[in-house]
Amino acid sequence: MTFFDASLLRSGEYHDWLVQGFTTSLQLLAASFVIALPLGVAIALMRTSHGRALRGLGATLVEGIRNVPLLAHLLFWYFAFPELLPEPVKLALYDSNPEFICAVIALSLYAGVHMAEDIRSGIRAVPGAQMEAARSLGLGRLASLRLVLLPQAIRIAVPPLLSQTVNLWKDTSVATVIGAAEMMYQAARVETATFRSVEAFTFATLAYLTVSLAISLAAQLYARRFPVRT
Amino acid sequence: MATRRTLLACAIALSAQLALAGGAHADQLADIRKKGEIVFGVLGTDEPNSFIDPKTRELVGYEVDLAKAVAKKIGVKPVFRQMSVAARIPELQQGHVDVLAATLTHNKERESQVDFALTHFVTGSKVMVRAAGGVTALPQLAGKKVVTVRGGTQETNIRAAVPTATIVTFENTQQAFQALQQGKGIAYVNDESSLLADYGKLGPGAKNFTILPNSIGVESIALGLRKGEKSLKAVVDATLRELETSGAANALFNKWYGPGTRPNMTKRTFSIHTDKI
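These protein sequence lines are chains A and B, in that order. Number 230 marks the last residue of the first sequence (full-length UniProt numbering); no jumps. Number 277 marks the last residue of the second sequence (full-length UniProt numbering); no jumps.
Where hints are given, some of them may not hold.
[What the hints assert, rightly or not] Footprint (simulated), chain A over chain B, 3 or more residues, beta carbon under 8 Å:
hint : stretch
1    : 163-172
2    : 181-188
[Stated by the list, open to error] Now the in silico label distances, taken between C-beta atoms and shown as ranges:
hint : chain 1 : residue 1 : chain 2 : residue 2 : range
3    : B       : 54        : A       : 15        : 20 to 28 Å
4    : A       : 89        : B       : 269       : 38 to 46 Å
5    : A       : 125       : B       : 143       : 48 to 56 Å
6    : A       : 89        : B       : 178       : 15 to 23 Å
7    : A       : 87        : B       : 178       : 29 to 37 Å
8    : B       : 201       : A       : 97        : 40 to 48 Å
9    : B       : 33        : A       : 12        : 21 to 29 Å
10   : A       : 15        : B       : 276       : 43 to 51 Å
What the hints contain is simulated information worked out from the structure, not anything from laboratory work. Cβ atoms here follow ideal geometry from the backbone N, Cα and C, with glycine treated the same way.
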């Protein structure tokens with residue numbers, strides 16, 4: 001038994017499992033990201049709006065979700081939430097891929113509220129005079145938000161948002177607890193089948209590291225290309 | 001239960017083989033008779049095979065009773081030494097114990113390390129299905145979703161039995177069992193004794209679930225002996241054979257595994273008759 005058998009990672013059944021896990025992790029990241037970002041914008045706008053009820057709702061969502069560990073979220077959305085659904089919806093969910101779907105719900109809510117806080121900081125960093133100027137040019141409140149405030153706010157928020165995306169990527173690994181067949185799940189499966197834990201977890205570590213570094217690099221390039229206007 | 005132990009013991013057995021000196025022994029049975037005692041290696045923490053009775057504080061169990069029968073047959077005093085799962089085979093090979101009565105799974109890999117007496121217990125993974133799912137036999141699980149625990153041999157066993165089943169594993173058996181109850185899978189795989197315990201917990205809800213009759217991944221538990229001790233093996237096997245023919249073996253099964261006990265198995269599906277696997 002060699003210490004490190006790289007052939008296991010290059011081809012064969014175990015290679016396929018690991019690659020499948022990597023792909024599922026990327027799918028989890030993509031699906032959660034496209035839900036989390038708009039959700040983050042919506043919650044950030046709620047928290048910065050003039051309506052008291054909206055502000056309260058936004059704050060409740062953020063605090064309620066942010067202060068519970070991700071593991072608890074996953075177990076709740078997988079084991080508890082579907083049981084509360086009406087029977088036909090529940091059965092439809094169970095017939096599809098509940099592990100993946102519930103993981104996406106938990107991850108996107110969790111990442112969404114963190115992104116909301118980053119976007120809110122971005123909005124607060126835009127000088128108030130920008131909004132006043134937009135309104136005095138005759139733009140409505142929504143148009144001012146969309147055309148003047150948010151483009152500037154998002155640009156300020158991009159570096160923390162990308163760092164939040166790195167977190168989301170790493171957090172996909174927790175989905176293993178609800179049986180979503182992502183990277184960690186498949187690495188553990190290879191370990192069970194072969195006892196080759198070093199190879200399997202090296203593969204997983206390198207996969208996480210590569211994607212995380214790629215996202216970080218994108219953040220740096222973006223900050224250089226589009227510096228925050230002052 | 002035997003599965004994780006099996007894995008650990010395999011690893012230890014490999015290293016122990018390297019450490020083992022090939023010194024020739026005098027006949028072990030003669031030594032035992034001379035000493036007047038036979039030393040059994042037991043786990044002591046593994047109900048109902050060998051464990052400490054909480055009331056009497058004494059070591060009891062199915063394998064303890066078998067060991068006592070062997071000692072009685074030879075006419076010596078039984079001595080029990082408690083050991084960890086991983087230390088079993090090295091302790092035997094180094095001569096610290098004479099016989100292992102430690103829930104030792106008999107498998108091909110180990111036959112090069114130790115000799116095995118007649119198989120005295122047979123266990124394996126079993127499958128529980130939701131009655132509404134209409135599954136009555138293993139092949140019907142093809143293409144269906146099956147839940148089980150991660151890290152044991154259960155996943156390997158069900159994959160070998162039904163290669164096309166979709167298997168989803170969880171961190172522990174409770175979560176997997178809950179997933180079955182909620183209808184997230186059609187079947188649930190676990191070690192037979194744990195599965196029966198889970199089934200017992202269902203209470204009136206048990207009518208919604210069925211346990212498929214066939215075991216998957218059958219494991220044979222046997223006493224372990226040092227390699228090449230023919231006369232000792234002969235007397236151990238003879239003891240076991242006598243227990244079987246006299247009906248005492250069946251009585252011991254009922255005492256430790258049968259109806260009313262914690263494992264609550266209704267029927268013995270094996271007999272003590274072979275040391276082949």
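Evaluation of the provided hints:
no.	hint	in the structure
1	163-172	holds (count 4)
2	181-188	holds (count 3)
3	B:54 <-> A:15: 20 to 28 Å	50 Å, violated
4	A:89 <-> B:269: 38 to 46 Å	43 Å, holds
5	A:125 <-> B:143: 48 to 56 Å	54 Å, holds
6	A:89 <-> B:178: 15 to 23 Å	20 Å, holds
7	A:87 <-> B:178: 29 to 37 Å	18 Å, violated
8	B:201 <-> A:97: 40 to 48 Å	28 Å, violated
9	B:33 <-> A:12: 21 to 29 Å	54 Å, violated
10	A:15 <-> B:276: 43 to 51 Å	37 Å, violated
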